[in-house]
Amino acid sequence: VTEAPQRTEEQRESTVVLAALLVPLVVGTAVAIALGVFARAHEPTGHAIDVPGFSSTLSTKTWLTTLAAVLAIVQVVTAAGMWGRLGLGDKTWTAPVHRWSGRLAVAATIPVVVHCVYAIGFESASARVLVHSLLGCFFFGAFVAKMLALPRGNLPGWALPVLGGLVTIGLIGLWLTSALWYFDTHGIGT
Amino acid sequence: VTRKTPYLTLAALAVLFAVMVAVEQAAASGDKGGDGHTSEYGHGAVVGTLAGS
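Chains as they are written, first to last, in the numbering used here: chain A, 1 to 190; chain B, 1001 to 1053.
Incorrect hints may have been included.
Claimed, not checked - Quick list of simulated restraints, FRET-style, between CB atoms: (1) V17(A) / A1012(B): 26 to 32 Å; (2) G187(A) / A1022(B): 20 to 26 Å; (3) I169(A) / A1022(B): 26 to 32 Å; (4) L1008(B) / R128(A): 43 to 49 Å.
For the record, the hints were derived by calculation from the structure and aren't laboratory data. Every residue, glycine too, gets a C-beta built ideally from N, C-alpha and C.
Between the sequences and the hints, there should be enough to build the whole structure, so can you do that?
Dropping the structure here:
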């Protein structure tokens, strides 16, 4: 006799969860697709902005991406601390470090992605550049989805760690398919 | 930190994105008709082609 109302309550809860995640996921997906479509459709300019102190635009982008990847590791550690793992204490220092390392990480990637999209475009000449192009779109879509999900109070406990994990996976994947390749082919000192 | 903070973060990063797009556009248009290596753009940065950089 009590099963039917219980099932109805569970269905209502899962509907609320889906509704809370729907807007962030739809907007994040739209951002990822828009980025990819623009990068594919836009005529690449082929220009570089050589920044003093770096040997080339690729070098600049490599080091910015490396900075972002290091900050992504900080993100994982502080996120674990915020969820009571790793014995990092309370949120008094992990939460602000998590927020600011995330902001700086994404800020560091913006000059990189703008150059990738505007000057190079969405490429598929090899598996590496295809995966890199896809990950770039995925990373920014996942980041937007996480930002839009954060203020929502009715999310299930797994939602933010999963979204944050996807953002981190995207960023580390971007580093592996670009900066690591650059260091491997050009060396660290270039 | 408020519920608006993530939206403000997104807005600030969107502004940075727009600024960088403007920089790219200026870099691309600044080299029109040039040799791809000599156009100067802001803060001492030098515009060149990807092939030449």
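Okay, the hints, checked on the actual structure:
The supplied range of 26 to 32 Å is met by V17(A) and A1012(B), whose beta-carbon atoms lie about 29 Å from each other. In this structure the supplied range 20 to 26 Å is violated for G187(A) paired with A1022(B), their Cβ-Cβ distance being about 33 Å. Separation of I169(A) from A1022(B) is about 31 Å and conforms to the stated range, judged on CB atoms against 26 to 32 Å. At about 36 Å, the CB distance of L1008(B) to R128(A) disagrees with the hint of 43 to 49 Å.
Checked against the numbered hints given earlier, the structure breaks hints 2, 4 and satisfies all the rest.
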